[in-house]
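Peer 1: Sequence:
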Amino acid sequence: MSISQRAIDANSGPLIQEVPRDPTDRDRLREEWRVAADRFVDLDDHAQRLKEGKSIFFDELVAELIATGLRVGEAERTANTCQRHKDYLRKMHDARRDAARQRVEVENRDRIYWSHVSREATDRADRKMSR
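First residue of the sequence shown? That's 262 in the working numbering, and the numbers climb one at a time after it.
Don't read these hints as lab results, they were simulated from the structure.
Zero decoy hints are in this set.
Cβ pair distances, simulated, as ranges:
(1) R364 x T329: 40 to 48 angstroms
(2) A386 x D299: 33 to 41 angstroms
(3) K352 x R385: 45 to 53 angstroms
Calculated cross-link-like contacts (lysine to any residue; reagent style SDA-like; alpha-carbon spacing at most 25 angstroms):
(4) K352 x E313
(5) K312 x E337
(6) K347 x L311
(7) K389 x Y374
(8) K315 x D303
(9) K315 x Q363
All figures in this text were calculated on a predicted structure; none of them were measured in a lab.
For each residue, glycine too, the CB sits at the ideal point set by N, CA and C.
Work the whole structure out from these sequences, hints included.
Peer 2: Here it is as structure tokens:
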């Protein structure tokens, strides 16, 4: 058997081998940031809709109370202290809190990504200087 034939037999596997991916790969980090950002947009939209709907909800409560025979001032005071209004406000504030937490998560993902980019640049500079 010739030397070239032995070399071919020894390398009978694929000529192009997969390069193992770094677990801190930029594509994965970018995707994690994108998913977190999409979630933040959804949560922020939900919180904004609740905030904008607060006055509509309050006016509906007042109208219901006026229809039962209360005067406007009494209806407004009663609406402000009723459990439905408190639940709505709690829901609105919880949505705002969830959106704020997600914004922090997006900023953290962004920080991790740029930290990785910076570390790669530092490694390249170190390798270049060590030549």
